[in-house]
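Enquirer: Starting from the known structure of chain L, fit chains E and U onto it as the hints suggest.
Protein chains in written order, with the working numbering: chain L, 1 to 112; chain E, 1 to 107; chain U, 1 to 698.
Hints are computed from structural coordinates only; laboratory data are not their basis.
For glycine and all other residues, C-beta sits at the position ideal for the given N, C-alpha and C.
Partner residues are not named here, just some residues of chain U that face chain L (Cβ under 10 Å, in silico):
{"#": "1", "residue": "D83"}
{"#": "2", "residue": "H181"}
{"#": "3", "residue": "A186"}
{"#": "4", "residue": "E257"}
Now the stretches of chain L that chain U is said to cover, found in silico as 3 or more residues with beta-carbon under 8 Å:
{"#": "5", "stretch": "20–26"}
{"#": "6", "stretch": "54–68"}
{"#": "7", "stretch": "86–93"}
As a list, the in silico DSS-like pairs of lysine-lysine whose alpha-carbon atoms are at most 30 Å apart:
{"#": "8", "chain 1": "E", "residue 1": "K91", "chain 2": "E", "residue 2": "K45"}
{"#": "9", "chain 1": "U", "residue 1": "K54", "chain 2": "L", "residue 2": "K31"}
{"#": "10", "chain 1": "U", "residue 1": "K263", "chain 2": "L", "residue 2": "K65"}
The residues making up each chain are set out below.
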Amino acid sequence: MEIVFSEHNGVSVARITGDLDGNTAPAAETKILEAVTGHELIVLDMTECGYVSSAGLRVLLMLGKQFKTQNIRWALAGVSAEVADVMDMTGFSSFFIMCPDIAAAMQTLKEQ
Amino acid sequence: METNAYNIEMQDGVARITLSGQLDAARAPALQEALKELIGQPVEKIVFLAKELDYIASAGLRVIIFAKQRIGAGAQVYLVGAQPAVLDVIKMSGLDTFMNIQEDFEA
Amino acid sequence: MLNRIDLHPTHRHGEFPLRAGKPMPFGATLVPGGVNFSVYSRYATSCELALFRKHAPEPFAIIPFLPEFRVGNVFAMVVFELDYENIEYAYRMDGPWDPEHGQRFDKTKFLLDPYAKCIGGRDVWGVEPDWDNVYPHRARVFFDDFDWEDDCQSDIPFEDLVVYEMHVRSFTAHESAKVKHPGTFAALREKIPYLKQLGINCVELLPIHEFDEFENSRPSPVTGERLLNYWGYSNVGFFAPKAGYAATGKYGMQVDELKNTIKELHKNGIEVILDVVFNHTAEGNERGHTISYRGIDNKTYYMLTPEGYYFNFSGCGNTLNCNNPIVRNMILDCLRYWVADYHIDGFRFDLAAILGRDQNGAPMNSPPLLETLAFDPVLGKCKLIDEAWDAGGLYQVGSFPSWGRWAEWNGKYRDDIRRFLKGEPGMVGAIAQRLHGSPDLYQWQNRETCASVNFITCHDGFTLMDLVSYNGKHNEANGENNNDGGNDNESWNCGWEGSSDDPGILWLRRKQIKNAATILLVSQGTPMILAGDEMGNSQNGNNNAYCQDNLLSWLDWNLLEQNTELFRFFQRMIAFRQTHPALRYSTYLSGADQGTEVSWHGLKAWDADWSDSSRTLAFMCRRPGEQDVSCIYVAMNMHWDAHHFELPSPNDGRNWHVFANTDVAPPDDIVEPGQEILLENQHGFLVGPRSVVVLVGR
Numbered sequence: 001m002e003i004v005f006s007e008h009n010g011v012s013v014a015r016i017t018g019d020l021d022g023n024t025a026p027a028a029e030t031k032i033l034e035a036v037t038g039h040e041l042i043v044l045d046m047t048e049c050g051y052v053s054s055a056g057l058r059v060l061l062m063l064g065k066q067f068k069t070q071n072i073r074w075a076l077a078g079v080s081a082e083v084a085d086v087m088d089m090t091g092f093s094s095f096f097i098m099c100p101d102i103a104a105a106m107q108t109l110k111e112q
Numbered sequence: 001m002e003t004n005a006y007n008i009e010m011q012d013g014v015a016r017i018t019l020s021g022q023l024d025a026a027r028a029p030a031l032q033e034a035l036k037e038l039i040g041q042p043v044e045k046i047v048f049l050a051k052e053l054d055y056i057a058s059a060g061l062r063v064i065i066f067a068k069q070r071i072g073a074g075a076q077v078y079l080v081g082a083q084p085a086v087l088d089v090i091k092m093s094g095l096d097t098f099m100n101i102q103e104d105f106e107a
Numbered sequence: 001m002l003n004r005i006d007l008h009p010t011h012r013h014g015e016f017p018l019r020a021g022k023p024m025p026f027g028a029t030l031v032p033g034g035v036n037f038s039v040y041s042r043y044a045t046s047c048e049l050a051l052f053r054k055h056a057p058e059p060f061a062i063i064p065f066l067p068e069f070r071v072g073n074v075f076a077m078v079v080f081e082l083d084y085e086n087i088e089y090a091y092r093m094d095g096p097w098d099p100e101h102g103q104r105f106d107k108t109k110f111l112l113d114p115y116a117k118c119i120g121g122r123d124v125w126g127v128e129p130d131w132d133n134v135y136p137h138r139a140r141v142f143f144d145d146f147d148w149e150d151d152c153q154s155d156i157p158f159e160d161l162v163v164y165e166m167h168v169r170s171f172t173a174h175e176s177a178k179v180k181h182p183g184t185f186a187a188l189r190e191k192i193p194y195l196k197q198l199g200i201n202c203v204e205l206l207p208i209h210e211f212d213e214f215e216n217s218r219p220s221p222v223t224g225e226r227l228l229n230y231w232g233y234s235n236v237g238f239f240a241p242k243a244g245y246a247a248t249g250k251y252g253m254q255v256d257e258l259k260n261t262i263k264e265l266h267k268n269g270i271e272v273i274l275d276v277v278f279n280h281t282a283e284g285n286e287r288g289h290t291i292s293y294r295g296i297d298n299k300t301y302y303m304l305t306p307e308g309y310y311f312n313f314s315g316c317g318n319t320l321n322c323n324n325p326i327v328r329n330m331i332l333d334c335l336r337y338w339v340a341d342y343h344i345d346g347f348r349f350d351l352a353a354i355l356g357r358d359q360n361g362a363p364m365n366s367p368p369l370l371e372t373l374a375f376d377p378v379l380g381k382c383k384l385i386d387e388a389w390d391a392g393g394l395y396q397v398g399s400f401p402s403w404g405r406w407a408e409w410n411g412k413y414r415d416d417i418r419r420f421l422k423g424e425p426g427m428v429g430a431i432a433q434r435l436h437g438s439p440d441l442y443q444w445q446n447r448e449t450c451a452s453v454n455f456i457t458c459h460d461g462f463t464l465m466d467l468v469s470y471n472g473k474h475n476e477a478n479g480e481n482n483n484d485g486g487n488d489n490e491s492w493n494c495g496w497e498g499s500s501d502d503p504g505i506l507w508l509r510r511k512q513i514k515n516a517a518t519i520l521l522v523s524q525g526t527p528m529i530l531a532g533d534e535m536g537n538s539q540n541g542n543n544n545a546y547c548q549d550n551l552l553s554w555l556d557w558n559l560l561e562q563n564t565e566l567f568r569f570f571q572r573m574i575a576f577r578q579t580h581p582a583l584r585y586s587t588y589l590s591g592a593d594q595g596t597e598v599s600w601h602g603l604k605a606w607d608a609d610w611s612d613s614s615r616t617l618a619f620m621c622r623r624p625g626e627q628d629v630s631c632i633y634v635a636m637n638m639h640w641d642a643h644h645f646e647l648p649s650p651n652d653g654r655n656w657h658v659f660a661n662t663d664v665a666p667p668d669d670i671v672e673p674g675q676e677i678l679l680e681n682q683h684g685f686l687v688g689p690r691s692v693v694v695l696v697g698r
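Bound-form chain L, shown alone (with noise of 0.2 Å):
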């Protein structure tokens, strides 16, 4: 797994490559709460990631707290249609705010 990040427009851009499972999710929640301090608006862009076992569920529902908790509103880009079914099937889906790509999450976040 490997997460780049970058800036668009004043918007924090995590990339994130690769599985989120219990051997990458961990680095992967200190990584990007240490990349994102200081910003206000956040996309996971998720279009790389083709797997997240319940401990990366677990991670996204962890950075949501910490978000809400530092006033960051955040969004997840380009969910692969099985990961976001495994998201409503446990019915964590209430949880994300997630768009089809990074335009359009940013395009969300500065509607909000």
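Expert: Frame of chain L, contents of chains E and U only:
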């Protein structure tokens, strides 16, 4: 909180940790974090220089054990120059059996 | 935070660092850097931990518990550096093989942890298993954290509860349910708006602990279709949810899916009661499979005859040794876990009379297990409901040891109401008791109305539609020559056995369903409705559909359109009950203050006909509510002719208004609560044949 409650020096396989003041639940975590830096280094001797240490609580004892466990099972642990009150605690808790207790330390 | 100093490896086995573990809690628990495995066995001489990669046929590591990893009768070890999300674990135990003395150790068997909190192996419902798998039911390690936010136990009093009994799969497996993932917890979540619309505030789920739907599976002699262990009254693991009921079972996320479903039900004011089966396990008798308990400690977990055979008080091959202290603690741990970790609101104990038998099978006066559960602090607010009989002939309705804490499925309520409904004479005395919360059964024990869970139908037996459509059971499809299922159904087909297009018969059947719904929902105690009865669901006369995973069991949601009038009737009756405190006393009503609380009437006011030939009864009950006094009169005529009932006065300048009259065609059979219509003749009412009338005084 006092600053400089501990100081760590590493030289020729000997880790010297100078303790002072009170080593209690409030201060022990910081010491433990600092000691983690030594994990993986070739430490032969862990030396706690305790002359200035006035008080050690249960949390402090745990850090000493932690150091022994994590820095190297082969490393020798020394407690040097401990004041009577501190020494009493160490003896009562039975930790004296796994440490060398000395007045002075010459590497 | 300080790091613990007792979580560093002291030993190593192959690639795995180890150390002695903690004996409590039992099961596999995540600890920093590793997993703590702990398992009890009194008689095992040694134990090994086997680790499998997910779904792998063979283990990739077998780690023996060293002698220093044993505390008392517990093997406990921490294994570090495990990729816990992707492994499955089993135990192997060595010990004596001496069946005559109850010992059945076999060190070649891979055994499921009795405390496994997540179990794979039957991940997707109905997928044919690999019968040669050396480890068919596979324990997994699960990170059992969950964010419940502000969810808390709702603690609706028993008398305010309206229970809806359902099979998770049957409820939404039919395509007409129009859900994304049919037959799952996720689908149940999707159907919450329907439950709200109906007005129930509690679902009681048929077993959702891990079971094997393929246990005793066989082809049906009638249809050739495979018959399954569909109801699931046969536990593989008590701590794990049924993976096959989760849309995410294939990803191993059933725990989260179920928890979110419960959280959502709670958000909508609906409690969750689980049907739990602690009377036996899926291992069967001496010819059954060894899955777990038998190989871990046969003598502890099962009631054995002096010759070492299995007692069979459950009718399912074996009997769990519930009053053995080890098993008792396991049951307590299990229930506490479901309450604390899943926020379950209550339990219904299948064949609970077994839980009161001692280790030799004799009924006890103060069974320690039942007493423990009644007083347990964690279970302190949770509802405990017993099914007060077992297959060994023990029948304890009214005499189940309760300590004022246990409620029970009132089997006598079901039987008496059914007899009254079909027009049997000599029932009115019993019916008065049943409507009243059955004080004849419970008052002597200082139990109250809330001891009685009233039901006319449940999963076990006819559906309500079948109760009024069949005189006898029709269980041929079960492949047991129609010998299975109860014979004393007290049902009446209204003139023709089975489906009919005679408008008169259909009319009468619908009316009988409404009569049943009315009586159930005006009775003191806790009403329980079988899912689907509100839309006239039929099982074609099968009164024991325990093996039918098909259209016979699946709820056909098209019925909702065909039988709108039934749904509406149930919905309004439920709303009516919730509107009127007079129908929801928590303690027994006293007849001493005539007219202020409850009074009995017949064709003449103040003069009920208690004779043996009587088929008519009426009652009036009153109770001050928040805004107004709730005052209700219900007339029941189960005779085939219409009868004129003289009405008592509702007093205080009130007038009678008609809420429901089952003899009237819809939409005038029932109104919205509050919209009752003023009765022209305040002194009498002609109640139609086999009809019930409900009036409100205001």
